[in-house]
Amino acid sequence: QKEVEQDPGPLSVPEGAIVSLNCTYSNSAFQYFMWYRQYSRKGPELLMYTYSSGNKEDGRFTAQVDKSSKYISLFIRDSQPSDSATYLCAMSYPTGANSKLTFGKGITLSVRP
Amino acid sequence: GAVVSQHPSRVICKSGTSVKIECRSLDFQATTMFWYRQFPKKSLMLMATSNEGSKATYEQGVEKDKFLINHASLTLSTLTVTSAHPEDSSFYICSARTPGTMGEQYFGPGTRLTVT
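Which chain is which? The protein sequence lines are A and B, in order. For my numbering, count along the first sequence from 1 and bump the result up by 2. For my numbering, count along the second sequence from 1 and bump the result up by 218.
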């Protein structure tokens, strides 16, 4: 079993839809959880960063963490064509400066106008 | 969010030559930077962790003599691909970690290397 599993894609939704992106993980030592958005041929952009169970909201984006179930989600409300990109979940251990990110495989989202 | 730059954004070189890629944190000091490689439609593959003032830590399978990393200051890390071959052609991305135990990682825009 891989440390981080991300729902496979691709995912295509109409503009205005609510999008739910999900990742599960197997190692309870992960304490920090991130969502990145990557446009084609660009570096990933940090969207959300959280370290506690519960919800964190930023504009149209909501990150949800359930540590008991080892499950994280990213919700996108009122999706726009500009949200079309690859979304990567990532997580890390809370130990020191060398804490590496472990990524999910990514899911490609397409928002149709 | 914090800003990380990379230079060049794109480079084409001949087989056997060396190429240097720079990664800079523009508005924060980064004691730790990371170098990744990404193949088309694949996720990021960590190559090495770069710490300011010390030797880089390479991931298993990454040739340290081929991919030289120097983290000379708190805002600059460089990756040099030595004696490049066509199979080294890839998208190279760096990230920089903000200070503190809960530091966030911000990525640069990436460098597309093509070796002919």
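Simulated from the structure, these hints should not be mistaken for lab results. Misleading hints may appear alongside valid ones.
Label pairs and their computed distance ranges (CB to CB) [to be verified]:
no.	chain 1	residue 1	chain 2	residue 2	range
1	B	Pro304	A	Glu5	43 to 49 Å
2	B	Lys282	A	Pro115	43 to 49 Å
3	A	Lys4	B	Gln247	41 to 47 Å
4	B	Gln278	A	Asn24	28 to 34 Å
5	B	Thr334	A	Ala19	42 to 48 Å
6	A	Ser22	B	Asp245	15 to 21 Å
With a straight-line Cα cutoff of 20 Å, these simulated SDA-like cross-link-like pairs (lysine to any residue) come out [to be verified]:
no.	chain 1	residue 1	chain 2	residue 2
7	A	Lys4	B	Met263
8	B	Lys260	A	Gly11
9	B	Lys260	A	Asp80
10	A	Lys44	B	Gln224
11	A	Lys72	A	Lys44
12	B	Lys259	A	Lys72
Not close to chain A: a few residues of chain B, all C-beta gaps over 12 Å, as computed [to be verified]:
no.	residue
13	Val229
14	Ser236
15	Pro258
16	Lys259
17	Lys260
18	Ser291
19	Thr293
20	Phe325
Note that the Cβ used here is the ideal one computed from N, Cα and C, for glycine as well.
Exercise for the section: Run the structure past the numbered hints and jot down the numbers of the failing ones, going up. Expected result: 1, 3, 6, 9, 11, 12, 15, 16, 17 and 20
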